[in-house]
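Protein chains in written order, with my numbering: chain A, 1 to 287; chain P, 288 to 621; chain S, 622 to 969.
No wet-lab data here; the hints were simulated from the structure. Predicted model only: the values in this text are computed from it and were never measured. Fair warning: there could be bad hints in the mix.
[Claimed, not checked] Derived EDC-like pairs (lysine to aspartate or glutamate); straight-line CA-CA distance at most 16 Å:
no., chain 1, residue 1, chain 2, residue 2
1, P, K430, A, D222
2, S, K650, S, E663
3, S, K737, P, E524
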Amino acid sequence: MLKIFRDLLRFNLEFAIGTLIVSIIVGLSVLSFFSPYPPEDIYVVAPDVPPSWEYWLGTTSRGQDVFWQMTAALRNTLLFGIAVAAISRVISLTIGLVSGYMGGMTDRVLMSINDTFIIIPLFPILVLFYFVMRDSMSWALLALIMAALGWAYDARLIRSVAMSLRTREFTSQCIFSGMSPRQIMTREHLPYVLPIVFSTTLNNMNWSIGMEVTLSVLGFTDINTPTIGSMLYWANQHTALVAGVWWWIAWPVIAVMLLFIGLYLLATALNEYIDPRSRLSRMGGAT
Amino acid sequence: MKTYAIYLAKRLLQFVLVVFIGINLTYVISHATPIDPVEQTISALTSFGNTSPEAIETMRESLRELYGMSGTPLEQYVSFWSRIVVGDFGPSLSAFPTPVSELILRALPWTIGLLVVATVLAWLLGNLLGGLAGYYRKNRLLKAMGLIAMGLHPMPYYVVAFVLLVVFGFLWPVLPISGGSGIGVGRGFSFDFISSVLLHSLLPALSLVVVGLGGWFLGMRALVSNIVTEDYVVYAELGGVDRRRILTSYVMRNALVPQVTGLAMSLGAIFTGAIITEEVFGYPGIGSLLVDAVHAGDYSLVLGITSVSIVAVSLAVLVIDLLYPLLDPRVQVE
Amino acid sequence: MTLHQLNNHLNPAPEALPASPALRVDGLKAYYQTRWFGITREVRAVDDITLRIEHDEIYGIAGESSSGKSSLIKTIAGAIRPPLNVVGGTVNFDFGTRKVDLYTLKPEERTAIRWKHLAYIMQGSMSVLNPLRRVRQSFIDFAFRHMGMPMPAFLKAVEDHLLRLHLQPGVLDSYPHELSGGMRQRVVIALATVCRPGFIIADEPTTALDVVVQKSVLTMIREVQREMRASILFVTHDMAVHANLTDRLGIMYAGRLVEEGRTRDLFRNPRHPYTLHLIRSLPRIGDAEPRQGLEGTPPNLADPPPGCRFHPRCPIAMDVCRVMVPPMQALGGGHRVACHAVTEGTVQ
Ligand SMILES: Nc1ncnc2c1ncn2[C@@H]1O[C@H](COP(=O)(O)OP(=O)(O)O)[C@@H](O)[C@H]1O
Ligand code: SF4
Ligand SMILES: [Mg+2]
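Extracted from the complex, chain A is given alone in its bound form (with noise of 0.2 Å):
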């Protein structure tokens, strides 16, 4: 496993590049722990003061250290991330190895289930879920929500490698030998799936992160607390951009593209040692 890491590490760049740029993050928003106020407060600092040597990456109009802002928002939105891909990750594991070792109906009738969920547009459903929610809309919610949504892609994924193994020898040896269904998939399938589990934990991740930004700006979550998006949700407030307080819009975005592109490499170049052939994970703008 470390070995693994190793030669990725020096043999692709892509590999290389994201570990650099997941790590600048992940360590960014370790630093929110050492904030010097709490990330909710406001009026601490003088407003909009400009990127200095005392605030280096400028404040906001509410009176908040961007930096230490976007420490937290950052930690909050990776937590997001990962929150979304954990739960999204049980139902693509239960679905996409179900489906893959069954076979026949079964696969049949979940992979029609699981089309569905590909092509439903899925914002408008979210919107939806915010307006019937309002002020009970919370980021662990919306984790659920978007985790119950957002399967679907990755578990065809799952699919097509579990059919694989499905006409694998060692296979008919584990039905021969007397084991269960469900002990053939949680025991003999699911390590070989975990590679690629891991792979779209990332694009997941990307693309989970994308949608919460999204609602966040237009004030469709819970905007109170720190996450990337509610952080440009009150910059938009404040007209930061108008007002020339630019930075408070210019930093979280970004490290939010930074983060974007860096899982993506690591996700691409992980594909690619998987499977030198199936470059194609994630084609077209599943974003």
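Starting from the structure of chain A, add chains P and S with the ligands where the hints point.
Then chains P and S with the ligands, alone, in the frame of chain A:
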């Protein structure tokens, strides 16, 4: 012929399934959540002043009626579906008494126009360039494009649209950044109006194309670099078949088949992107309508837009599916 | 004898020359050279192979899977692409009207020779036709340039060719997936031979077909050969097919030719222990007990054993086998073998 009929039946079934699950999802979200949209609306409407309890009670009654929330759950469910089947979502609250369907019909052409042009452009261009990049792996220019595509592809629509807005709205203000056409330009079939519409659609379309292009480019490049190792391409090359013929009829042509499937599969995501982009540029389509409806607390409108979006996207997917056999003679009969 | 006749006798016209062999392969080496994550690997799939194929002859190559058969004939057909590279040796064809030293040619010239003079039927013929193109279109793509006739005449020629091979011209309107496996294989053979090439190279064209279909494909190949008087280099791991089809046979083991001779001689009197094993493992009517298999696995060609590559599995291996590569020895009658035991007369 028979296989096509089976294929047709399957695709139609999938279409019905998407609409069924999608609409049920909206039903569950709007009816089965602990939050009552009627109460939501009332609190939104009454938050600005004192309203007598009797007035609130009448309001509650009529809202229940309006939102299809009176009667037993079964009645509610049936009335929910019947509204969708006839396309009648009642009057809009924020633009009372204009029917929701009329508002949607007014906005839909903008969205469809923007979406179709941008998607077709991104798809064609991305596949052409990506295919070339996969075939001519050593070309510097195409390699550079690949790097740009890798940077752009992971960006969500909102971020790209926002960055373009900042660049062309604040740093280098040369393009209109808001609205669907110039203020004061009379509607109709005039040069002024059409050029104004085109000019206003430039930035929204550009952001959609920029995001989509990267994805199609990378997808096609990967597909092509796999297809060139397929036996039939290797064999054609060994047989000295004309290089251009190999590129067009063996490599690109065959790679387009999965890209069409990919297009059908990502229409939902592209649609999401379009309505987000519209909101950023204040483009008068479904997206702006949706966001305004949320801010105005217009439940019928939000519900109407959600339902119409689901049906519209599944219809578009169905159309692509039905045309697919023209591209691939091996219609799947599993 | 007239003076004219005498002159002809002393200086015969080129056609009448005691022709050079149709194919001469000398000391051919071709390796897969790959770099993956910083590690360089060299798979010696074709290692120092020398052989001759006469005009009008069907020459077979046998050997278990992964012994380098495909790599060898890819190299002979000039159909190699990285990571497979020619490391040494020569490949010379005599097409009657033209003699070529394959690897001194430019790649374009090599391509021009293929199809016109040289037909190469690739392994896995099931997938060599573009699935989205009708068979007719494939014929046009591959052969039209070489035939030098207008389109209607060309299509007529293709149809005649198909008819001669007992195929209905109707197949031209099909897509590959509409044809059965055997039919597709026969169409591929027809496609490869439509220019009536003098030399045909076929890689496992009967593998993956059931026995009945296999038979029809073999019949077809025999007919093609008889009709065109072409030389054929035919590869299959299936010894039964060799026994039925080929005139001479070369046995490959781990990238090397270990024995060669007239097919009849090889089957009657195999000299190399590996050939013996291949022939013994053929099922025969009246078999009492199952044939015994070889122990061990074929060697890893990235790091082949020293000396005779067969020694780890050879039942009669001697000390010399572990250190010295056995040289190819002529036994007379065109029978050659590379085995220390034969050279030293240990086995008869
Ligand atoms: N593309 C490749 N890269 C590296 N090694 C290869 C490649 N193709 C084949 N080989 C190796 O070359 C050897 C000979 O393979 P091949 O010529 O296909 O054998 P055969 O046709 O007799 O089955 C095998 O050990 C195989 O693993
Ligand atoms: S040379 Fe030695 S090891 Fe090789 S086949 Fe002959 S006897 Fe066996
Ligand atoms: Mg082979």
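Output the indices of the hints that this structure fails to meet, ascending.
1
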